Amino acid sequence: MATVAGSLERQAAGRGLSLVAAAGWIALAAGLLALPHLLSISQREVAVMLLVNVLLVASYRLITLTGEWSLGHVVTMGVGAYGSALLASLAGFPVVLAMLGGALIAGFVAWLLSFPLFRMKGFYFLIGSFAAAEVIRLCWKKFTVPFGGPKGLSQVPELPPLDLGALTGWLSLQLGEPGAGGHSGAYFLGLLPVHEDLVIRFSKPLFTANYYYFCLLVVAVSLWLLWRIERSRIGMTFHAIHWQDSLAASVGVNTRGYRTLALVVGSVFAGLAGALMAHGVGSVAPGRFDVTQMVYVLIWVIVGGTATFAGPIVGVVVLTVLNEVVLRELGIDALRPAVYGAILIVSVLFLPQGLEGLWRGRRNRPAKRRST
Amino acid sequence: MLKRGFPISRRRLIGSGAAGLAAAGTMVRRPGAARAQDAKTVKIGFLAPLTGEVAAWGLPGLYGCQIWAEKVNAAGGLEIGGDRYLVEFVPYDDEYLADKASVGATQLIFEDGVKFLMMLGGDPMPAAYAVASQADMLVSTLLPSDLTPDTPNLIAPSEVHPIYNVTGVQWLAENRSELKTAVICAQDDALGRPSVATYQAAFEAAGITVNDTIFFDISTTDFAPVMTSMLSSNPDILCLDTAYSDFVNLLCEQAYQQGFKGQIISCTADYYRDIVANTSKEFMEGFIFQFPDFDDPALNDPRVNFPDPNGFYAEYVERFPGEWSAVSWEYVSVMHLWVDAAQRAGSIEPQDVLAAMKEGGVGRHAFGQAEWWGEELFGISNALVGDWPVVVIRDGKAQIADFKSIPAWWDAHGQLLIEKFEAMGEMHYQRG
Chain U
1 MATVAGSLER QAAGRGLSLV AAAGWIALAA GLLALPHLLS ISQREVAVML
51 LVNVLLVASY RLITLTGEWS LGHVVTMGVG AYGSALLASL AGFPVVLAML
101 GGALIAGFVA WLLSFPLFRM KGFYFLIGSF AAAEVIRLCW KKFTVPFGGP
151 KGLSQVPELP PLDLGALTGW LSLQLGEPGA GGHSGAYFLG LLPVHEDLVI
201 RFSKPLFTAN YYYFCLLVVA VSLWLLWRIE RSRIGMTFHA IHWQDSLAAS
251 VGVNTRGYRT LALVVGSVFA GLAGALMAHG VGSVAPGRFD VTQMVYVLIW
301 VIVGGTATFA GPIVGVVVLT VLNEVVLREL GIDALRPAVY GAILIVSVLF
351 LPQGLEGLWR GRRNRPAKRR ST
Chain C
1001 MLKRGFPISR RRLIGSGAAG LAAAGTMVRR PGAARAQDAK TVKIGFLAPL
1051 TGEVAAWGLP GLYGCQIWAE KVNAAGGLEI GGDRYLVEFV PYDDEYLADK
1101 ASVGATQLIF EDGVKFLMML GGDPMPAAYA VASQADMLVS TLLPSDLTPD
1151 TPNLIAPSEV HPIYNVTGVQ WLAENRSELK TAVICAQDDA LGRPSVATYQ
1201 AAFEAAGITV NDTIFFDIST TDFAPVMTSM LSSNPDILCL DTAYSDFVNL
1251 LCEQAYQQGF KGQIISCTAD YYRDIVANTS KEFMEGFIFQ FPDFDDPALN
1301 DPRVNFPDPN GFYAEYVERF PGEWSAVSWE YVSVMHLWVD AAQRAGSIEP
1351 QDVLAAMKEG GVGRHAFGQA EWWGEELFGI SNALVGDWPV VVIRDGKAQI
1401 ADFKSIPAWW DAHGQLLIEK FEAMGEMHYQ RG
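As given, the protein sequences belong to chains U and C, one line each in that order. Mind the numbering: the first sequence is residues 1 to 372 in the numbering used here, read in order. Mind the numbering: the second sequence is residues 1001 to 1432 in the numbering used here, read in order.
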């Protein structure tokens, strides 16, 4: 154990991280792995939706890096949700492939929309993205085939069970007393509840924990990719376009191409978030992707802050916990719009850099130059 | 009895201000808890939109349930199977979103242990029912368009939306035969579209020509162009379909401002006194809709299965002024059916109650004896259908003009309704 800690410390030091930061990462990972076992069944579903929304806001931030704010990101998420649901239910794709397909469809639609949208900038891009998104959303409502019309699609296939039967020879399953809903009392790798027939199921509500781990894996990999993109030369170019697009163009940077790239990549991950939601909830409807939901995304991002990678994630986590745990437990969840409004006003007035401003100011002065 | 203090809708909060807050404050009390100390508690889940655009069809129903539960508990609770039960409603705001409804259903069924789940229905239903079906939970909806052959535990025992809308058109044709043309408008959603199909069938059956059908998006805020378009063909009748409460109000204001002087018919007219105030008594005279105020003397008819409707209404408007709406009594009427079935079954278990409820194929609907129906339209006979009132505004007050039989209309024009549903893609086998 000491060797592992020492190794982590050396690695952390090599990357300029402190031992405290490394310990923080380990604690975060342990916490995320243990989380479903600390939550009630319904709260596990909230945790799944939180992971989906984390991916949504992180992908949104990638688009904002180039300086453009879109009002169509939630609809892009919906494109992924509808695409994945249709690929799985109509075309018979395996669910995981359908999810990837849905994400790619979202990216393709974003690429198509980039042609008219990137003829605009700033406020005009904002309004243009809203209009384009509304066209897509109204198409879902208009065309009952294949989108299901206003009621949308139901009975979206869930993630298929994973059979461990063939692996039991070498896997150590900690068998216990059989539990409710066919739960065998066994845990794969000490975490994932296993059905009594040694199959890992992902169906809600009894096996939501397994779907949580699936989403955690997908979201973690996605965040790592988004992080790598932002830290790469491409990411630096996004920043350059944001702050000095004329200068960047004058030295040969294809600003429109990079803006398109940010929109498409961000949309692919938003589509993936939509696919995770569709197969987790089991239904998709146009009402889930309206402008009200987009406003919530904007609030999460603004309250969290967009200057750092973690800002929007902190925003969505804090506000989701506030909404789904604090307000509901207090029985005043109907005051949500007022609470959100008050938080937004307070944030704009006293935390113009968002919640991330609380730690950035002390920790990393140069980062302020990236602030929006 | 409520599990916890519960919410105030955004709009009504603005409208009723301190009065609304004070009203909500009273709801955290548990007036029945002190009585019948030997009684058990049966929990009923209330999973509906309590905030947002659709809250007007959730929150007023919860108010009604609270009044009903307090009365029941004050009287010592319910006698079921030799045991005495106090009633506790456990509300959960699904915000009319599927993912929130799924979480709510999980919490209510698997954590709170409710024995019956009442919902508004619509978008959130598929996700919530997927959870409920795993526990064989009995679920009710106000929207029978949620019913499919795959939902055996889902019932529509109170409101057969939108089928009862045919009664208003039928009464209109019988009493104002000079009206020959109509224009329909509705928001383009799961509530508006099947309702449009129903009105189209009803008008056609009554010999009234539909000049135009206009769908508007749910995010519409300016109804001037919608109304201008509706009036462009100079119709005798404006049909507001099942437009949301706020939309009905705004559409009526636009019709008034643009000089319309003909007949208006609508599924609902929640907060119609506000509409009268914003237009005029003369303009609203003869306005037809489907949901009575429960102070109406016609509801004292012996065939009506809603105990003391006038007293219920009086208490409701006193405690929640300005909150009476189409759903204020409906969830309560569902509870009347549930109690009746549970007492006959001698059990609160969902499947026992469902079996008793459907025994003999008939049930005691709020507006009289009714039959379990819907096989041809929904693929399953889980909708309780009988008579339905036609309500007319006279001198600024809603009054029941007549009761009309939905089954009788269906027997004469059922095929026409199926054709319109198919054209709208609303038959159960056409839904996604």
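Possibly wrong hints are sitting among the right ones.
[To be verified] Only some residues are given here: those of chain C computed to face chain U with a beta carbon under 10 Å: (1) PRO1091; (2) LEU1108; (3) ASP1123; (4) VAL1131; (5) GLN1134; (6) GLU1178; (7) THR1181; (8) GLN1187; (9) PHE1215; (10) ALA1224; (11) PRO1225; (12) GLY1259.
Keep in mind that the hints were calculated from the coordinates and are not lab data. Because the structure is a prediction, the values reported are computed rather than measured. All C-beta atoms, glycine included, are put in the ideal place defined by N, C-alpha and C.
Verification of the hints:
no. : hint    : verdict
1   : PRO1091 : 9 Å, holds
2   : LEU1108 : 8 Å, holds
3   : ASP1123 : 5 Å, holds
4   : VAL1131 : 6 Å, holds
5   : GLN1134 : 7 Å, holds
6   : GLU1178 : 35 Å, violated
7   : THR1181 : 26 Å, violated
8   : GLN1187 : 9 Å, holds
9   : PHE1215 : 9 Å, holds
10  : ALA1224 : 20 Å, violated
11  : PRO1225 : 16 Å, violated
12  : GLY1259 : 31 Å, violated
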